[in-house]
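Student: So the chains spell out like this:
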Amino acid sequence: MASYPASYKYTKDHEWVELSGERGKVGITDYAQQQLGDVVYVELPEIGTNLKQGQSFGTIESVKAVSELYAPVSGEVLEVNTALKEKPEEVNADPHGSWMIVVRLTSAGETGALLDAAQYQDLVK
Amino acid sequence: MVPFGGWDMPVEYSGIVAEHMAVRTRAGLFDVSHMGQIEIAGSDALAAVQRISSNDASKLSAGQAQYSGLLTRAGTFIDDLLVYRLAPTHFLLVVNASHIPKDYAWIAEEIKPAGDAVAVDASSRYALLALQGPAARDVLQPLTGVELTDLKYYWFAHGEVASVRATISRTGYTGEDGFEIFVPPASADRVWQAILESGRSVDVVPAGLGARDTLRLEAAMRLHGNDIDETTTALEADLSWIVGWKKDDFIGAGALREQKAHGVRRKIVGFEMLDRGIARQGYEAYVDGASAPAGIVTSGTQTPYLKKAIGMGYLPVEHTAIDTEFDVDIRGRRTRARVVPMPFYKRQK
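Heads up: the protein sequence lines correspond to chains W and Z, in order.
Oh and the first sequence: position 58 is 58 in our numbering, straight run, nothing missing.
Oh and the second sequence: position 342 is 1342 in our numbering, straight run, nothing missing.
Derived by calculation from the structure, the hints in this document are not laboratory data.
Check each hint, because a few of them may be wrong.
Claimed, not checked - With a Cα cut of at most 30 Å, we get these calculated DSBU-like pairs of lysine-lysine:
#1 Z:K1260 / Z:K1246
#2 W:K125 / W:K25
#3 Z:K1346 / W:K87
#4 Z:K1307 / W:K87
#5 Z:K1349 / Z:K1307
#6 Z:K1267 / W:K64
#7 Z:K1307 / W:K64
Claimed, not checked - Covered stretches of chain W, going by a simulated chain Z footprint (3 or more residues, C-beta under 8 Å):
#8 38 to 45
#9 63 to 76
Unchecked claim - From chain W, some residues computed to sit far from chain Z (all C-beta separations above 10 Å):
#10 T49
#11 N50
#12 Q53
#13 V80
#14 N81
#15 A118
#16 Q119
Here the structure is a predicted model, which means the values were calculated and not measured.
Each residue gets a CB set at the ideal place from its N, CA and C atoms; glycine is no exception.
In isolation and in its complexed conformation, chain W is listed as follows (with noise of 0.2 Å):
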């Protein structure tokens, strides 16, 4: 069982994000890549592409299923991590590790809807 980060938020859809100041970086957690199974495919946004919190910004697909991915805060995408496109495997590897896009928040107020370490524990035990 992997630990979940204390440092990082957390939504019911099973995505974390990092933050610091303006910038969020985002993954999907352990739990969600366990339920997917061997991922084989990440599809991610343009870089400049402008998401709402909860907007679809993507697509995993595993062997077994297809999951979309859900941004958990606003925000325009300043980095997006190509390496997946090439190693989505690393996404089982290291789910905490594998983060996806980096976002410039532009509602920082949103981020106390999400859940801390604790809480999403709770959810997925």
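Here the structure of chain W is known, so what remains is to put chain Z in place on it, guided by the hints.
Tutor: Frame of chain W, contents of chain Z only:
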């Protein structure tokens, strides 16, 4: 665990990719006890089987099996099945779990004109384990007196496995060498444990429905409900080889002979994706940049062994030549695919 045809079945044990690779490189053990067994016996049993099964069962010796179709009068698939000739006048049909009641009702009714033959749903009398992979023979041999080297592909023998009465069949649904083992349900767990124990030194792993699906797809084996069903004929599914063209009348023969004479309008193809993405069941296919769909994907996955996105589907027959390119709509995105030969994977003999 997922519900499947009334059974709770594991999709994966250690992971679909790990299990898939184990079967391709070592061996995997599947519990496929959900499969149905229907026996047909009586002095006219052969005539009964010949009537309801598309393949030519007269070619089977006792101890031999064949793949076949249970067809409608339109030549489409009620189900696909394996036909085992247990004795000259005694056959065992292995059918898909979700279709057992439908298949049995159809068979019981349709064999009546054949004369002295009765059908029995014997599904509850059999558990079925499948040991598949290049190491399968070496793992199973120490547990049985049946000389496995002498057991040819699509033949079977009666004997014991781990001191349990068993029928061992050299068949499978993975494209790999291997065995399907029929045992009494009460002893299935013992046989399962004994095989895993015997396979410990070569790391034989339990394998679930997920790997079964990716393995059969690499081997281009049709899955009923995906690639074949009551809307697709044996010719459209490119399964002419399981049609007994030379035998007397059987259900679906008229429709198939007519379709053979006139040609099919659509046909199954194997394809691989040229752009990134996985084309899954139900996704629509487009040819020549047209806005209306021309075909449909019936199975698709990212294959663990070949490491490609592959699939099967139906296209208009004029677009089914090898290397023909077409598009699949993957959640709103036109994604390029190319027709390739099947099977996608063929084991080294």
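Student: Which constraints among the numbered hints does this structure fail? Numbers only, ascending.
Tutor: none
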